[in-house]
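Trainee: For this one, chain E is given, so just place chain B on it according to the hints.
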Amino acid sequence: MNVPVEQPVSRAVRTEPPGPGPVRPFAFPLIEHLALPNGIPVLFARVDGLPVVTLSAVIRAGGVDEPTTRAGLASLTGDLLESGAAGSAGSDIADALERLGVQLAVGSSWDFCHAELTGLTGRVPRGSEILADLIRAPDFPEPEVERLRSEHVAHVLQGRADPRSLANEMAGRYIFSSSTPFSRPLGGTTETIPSLTREDIASFHRANFAPARTGIVIAGAIGREEAEQMIQPFAEWSVTAGERTEITVQPRSRERQVVIVDRPGSVQSEVRVGHVGVPRAHPDYFPILVMNTVLGGAFTSRLNMSLRERHGFTYGVSSAFSMRRAAGPFLVATAVQTEVTGSAVREIFRELAAIREAPVSDAELVDARNYVAGVFPLTLQTTSGVASRLAEMVLYDLPRDYFEKYPGEVLAVQADEVERVANQYLAPDEAAVVIVGDAARIRGELEALELGPVEVLDAGSIV
Amino acid sequence: MAIPIERFDLANGLRVILSQDRRQPVVAVNLWYNVGSRNEREGRTGFAHLFEHMMFQGSEHVPDTEHIAHIERVGGSMNGSTWLDRTNYFETVPANGLELALWLEADRMGFLLPAMTQEKLDNQRSVVQNERRWRVDNQPYGDWDERIQALVYPPDHPYHHSVIGSMEDLDAATLDDVRAFFQTFYAPNNAVLTVCGDFETAGARELIERYFGDIPRGPDVPAVPGRTDIPDRLAEPVRHTVESDVALGRAYFAFRIPAYGRDGFVAADVAANLLASGKSSRLYRSLVRERRLAQSVVAYAFPVVTGAAMLVVWATANPGNELDVLERAVWEELESLGRAATAEEVERAVTGIESRQLIALQQVGERADQLSMFTTFFDEPERINTELDAYRELTPEQVRRFAAEYLRPESAVVLSYLPQKKEPGAA
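Protein sequence lines correspond, in order, to chains E and B.
So in our numbering, spot 119 of the first sequence is number 182, and the numbers just go up one at a time.
So in our numbering, spot 407 of the second sequence is number 914, and the numbers just go up one at a time.
So that you can see chain B by itself, here it is in the shape it has in the complex:
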């Protein structure tokens, strides 16, 4: 694959990636700030995400909610998202809206604080708390990732707490926190800007220099708090059972694995695909189609970079099936993967990964996001064109070895959800 890449750095440390594609008159602008929930201090869980919301509340030259209004009125779509390692902001606009998008992003990178008020903070705190209620507290299994993270990572590791954070910590956030967070993390030297799509290179470059060039470099970013250097396997197994308002039992199996970018992550990703990607995958074929123990199965290797990543498998029981029978069946499959993963299966999984990547990259927004990611994590945007090579070179033996070493009961977190028992006589 050959996605074109042109890179330059501004004197203030902003890394810029340009990737031209003039087939359609649309352009994506994408910024990754190298800050996520991992950078939050104690007592301020959820703050990185709350701060992301504040980035849409105007800046010195952009009134209140005008940031989004500007993008919508040129016919663009936009959003932002916060994750463990990073926060991204992105918009896809008609090609002639490029300068507007750069002006907006530069204004909030350079001039956010004059627009911050207590009223805006209180409003977005309330929005985010409603986001938490919606995603987590009022959803069946909604707190699974919060629980899993707390069990997979030790209390002093920055992945121990969830991105959404606790209600109490959100309540505690102040305008001083907004100021300090901005000054610490939202500087050009802690960001990557990618522009992808229909633009003229010299012109785009000139605009980027004009709008971002005189934003001052920030101080060096402090190290991620806590202990990030942890073993990529748990020392002992952990079990946890939750009774809640769910209709069907579900079991989550979580394992620490090598961090994204390290040796072993590619094998983990392919193993997850062998387990549950598509209807020919092992868990689907065996547990869903043949034995009918599960209603659905999922397996996913989280591409996170701080210390250790994790692989999570989950299976939802069919009505009338005991969860422990399902759990034993999952273990049989995990064990069998370590012995018997075949070359044919690995080939099929890699073919699927390759196709999905090409299908996703049809969108300039996705291309821009991946270029920002590879630059933020590895300082190598070129990985967008070469990452698949590592998948093609992977041997079945490496997948088997990964499964045998990592997907073991001795180092697993097992989290089970059971339907709440109704009290006798209750409706």
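Pulled out of the complex, with its shape left as it was, chain E reads as follows:
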């Protein structure tokens, strides 16, 4: 109905921003713990709203669990789960789920493999049997192994032609020692992938996929009883797996260095500045989060305001700690116009130094805390958003009330803690600077910055 409005009710005061209205309290959904006889932890959160539910299984079987010579094994195994299981062909699995309109997402990261179903409440339960089969009883049919192996090789070739993924891959290689898994690409290389056999894959599955390594999370508009029904297909899974060996993380070097991956003719330089960061379950998690928000974790962060809004060097720049069970990388990432590569790198180091040298201002601190605490509930509007928080609890052994307390923990961070963690966990003097760009045009200005030795690699010669 269209009702024209005759008169504005009251004149707007435009000169000052309106203050916030009364706070409407936010509560993390109540988490219920369900039991399975084989000991798999099951977390369930009822999320009312549209009739949607997410069922997700996470297995501690990731890139860190593969032998050094078998880079890409976890990733290939994860992708092959939906290629056939318990006698059903991959095409039949896809067909059955798609008929239900249920979305299946399967993938592997450094720490774990996850398989997730999202769909309408009446239909996902019918998919849970299939999900359990993929995890318990994948068939790894030889033709599919062959097909996905070549698909993964093709993916590596694609990544090599893409300056962004090439920069990420090389950053890993120059940040971590070659004995640390994070130094190699999670997906493997053109040398390792072709050597992965069906037997490698099957034995990786046998060694790592078991109830003791698994957690199940459910979030959606269903009751506890329906949730209990959905996990039944996992009840009779009773194999055992060995304990996981925790990895040790070593930097490649403690000397700062610059590496240019030469791509003649590039109109932009992909820049990565990074070093070894911190693990996820870390006592300084919240101060680190707030510190990084001020540095490069929001649009109005120092890095973005400098490189983008003041200088116009880039479309955007960000910094992040990739927190894994072990310490992943801290990385500043951006793409800048070739002509300003040296200036941009200099500004990045200026900001890395500044946040260590002086405390952040009260305004910066308050804004960053409010931002991190405020956007947290926004990630919980969807069932898959809630499910991924539950999975985080399982994977990183977080306490039961962790997410209830999350916003409060963020808001309690103090300026002296920010300064302390900036000094403790940012190490600009030990950073690797990796740049994919036109070496002939950028080498001189990078050398002039005197950051450390400058090495130039031919993009085509990287293996």
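A hint or two may mislead.
As the list claims (entries may be wrong) - Dumping the calculated SDA-like pairs for lysine to any residue here, alpha-carbon to alpha-carbon at most 20 Å:
1) B:LYS786 to E:ASP142
2) B:LYS786 to E:ALA149
3) B:LYS786 to E:ALA157
4) B:LYS928 to E:ARG223
5) B:LYS786 to E:ASP196
6) B:LYS627 to E:GLU372
7) B:LYS627 to E:SER369
8) B:LYS786 to E:GLY170
9) B:LYS928 to E:GLY523
10) B:LYS786 to E:ARG87
11) B:LYS627 to E:GLY375
12) B:LYS786 to E:GLY523
13) B:LYS786 to E:VAL169
What the hints assert, rightly or not - A few chain E positions that, by computed beta-carbon distances, are all more than 10 Å from chain B:
14) LEU97
15) ASN101
16) GLU145
17) ARG189
18) SER242
19) GLN295
20) ILE310
21) GLN487
Unchecked claim - Anything over 12 Å on all C-beta distances counts as not near chain E; from chain B, calculated:
22) ALA535
23) TRP651
24) VAL745
25) ARG874
26) GLU917
Hints are computed from structural coordinates only; laboratory data are not their basis.
Cβ atoms here follow ideal geometry from the backbone N, Cα and C, with glycine treated the same way.
Mentor: Here is chain B on its own, set in the frame of chain E:
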């Protein structure tokens, strides 16, 4: 589905949609301006998008970059985007930030120009040119949509050029252009405001009237330039081959189709889903899984409304496969769709579309964006609740007929990317 909708219009022509959902203390504010790259004049491609960037550079009562800072410091997320037909601006904030978000949006709708300076324009020009380098010029296949649009639409159609625009035209943009564009297109009578989420209706309405009510109506918006009334099929096929720095060959197949909102678009959308949505789709099953010619396949019907829309299929070749073998295989599948699409497949595709829509609508920001879209394009926000009916009513015969009439070699654009041949002896 029943998304609640309350609509009212302000005297200045601003259309307002309210959709309440109080389950979580978050609220989305979303504005669509009925202006996109289609409205750009010759020599100013990319300007609608550059202008969108200027909307984040402050307004009379909001200093420089404070717009974004205000949203971030209340714990909100925000952005804007420019597309062929429209430009949108949106933020999701904790419920108690609603008034702030409305104040910010009203200030840039009513009072942008006093804050515009040459310095800001030069800075954002540089940011946007870097966006172009990042998205288009330094990315494998990055210029595909620019090339496809130029081949699918004639030079005098406003979709002939890309949203990002050319470097030269971006260089040519002036502050006078900013002023004229604002005065022409950024007025309440050319916009839709949607508020979705946790608010109290009477209060929200009062705030909207207070902040937007006295922004003056603008002049009538000029017609979209050029010739928009074009046939929804190409008169003859077009082929184009690009050698570039890509690792794998890829072929794009593009077809004009009926514009979004017209008869035939729903059939096109479902056909695209039958072709490449999910692993049970025709192209995936045949070209990726069984014949292993392709590494990946995509098909998408672009929901654009001016004259004719387009459906694009693309397939990336596996290493060692010749692109022309892949191309022939795609044609076999397109031809087979016109003969043999089954009721079961259509049912599966529609079920998938329905699920994805419900999953997406869990977010108040998505709901608000769709309500703004349906109001801007069709003046019918209620379509958010009824659009799926048209999908459920679609018959397999309609899908087959669509494929047979539209997805034909005689009216196709085929754009192929081939890996650059390295010179002998070069590394």
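Trainee: If a hint holds in the structure, say so; if it does not, say that too.
Mentor: Structure-based check of all given hints:
1. B:LYS786 to E:ASP142: Holds, because 13 Å separates the two Cα atoms, which is no more than 20 Å.
2. B:LYS786 to E:ALA149: Satisfied, since the Cα-Cα distance of roughly 19 Å is no more than 20 Å.
3. B:LYS786 to E:ALA157: Between LYS786 of chain B and ALA157 of chain E the Cα gap is close to 6 Å, so the pair holds against 20 Å.
4. B:LYS928 to E:ARG223: 16 Å, holds
5. B:LYS786 to E:ASP196: 18 Å, holds
6. B:LYS627 to E:GLU372: 9 Å, holds
7. B:LYS627 to E:SER369: The given pair, whose Cα atoms are some 14 Å apart, holds under the 20 Å limit.
8. B:LYS786 to E:GLY170: 15 Å, holds
9. B:LYS928 to E:GLY523: Measuring from Cα to Cα gives roughly 13 Å; hence the hint holds.
10. B:LYS786 to E:ARG87: Measuring from Cα to Cα gives roughly 43 Å; hence the hint is violated.
11. B:LYS627 to E:GLY375: 10 Å, holds
12. B:LYS786 to E:GLY523: 34 Å, violated
13. B:LYS786 to E:VAL169: 13 Å, holds
14. LEU97: 23 Å, holds
15. ASN101: Nearest chain B Cβ is 30 Å from ASN101 of chain E, so the label holds.
16. GLU145: The claim breaks: GLU145 of chain E does not keep its Cβ more than 10 Å from every Cβ of chain B (closest is about 8 Å).
17. ARG189: About 13 Å separates ARG189 of chain E from the closest Cβ of chain B, which puts it past 10 Å; holds.
18. SER242: 30 Å, holds
19. GLN295: Check passes; 23 Å lies beyond 10 Å.
20. ILE310: 31 Å, holds
21. GLN487: 26 Å, holds
22. ALA535: Nearest chain E Cβ is 10 Å from ALA535 of chain B, so the label is violated.
23. TRP651: Non-interface label stands for TRP651 of chain B: nearest chain E Cβ at 14 Å, farther than 12 Å.
24. VAL745: Holds, because the least Cβ-Cβ distance between VAL745 of chain B and chain E comes to about 26 Å, which exceeds 12 Å.
25. ARG874: 10 Å, violated
26. GLU917: Given that every Cβ of chain E is farther than 12 Å from that of GLU917 of chain B, nearest at about 32 Å, it holds.
The structure is inconsistent with the numbered hints 10, 12, 16, 22, 25, although it conforms to all the rest.
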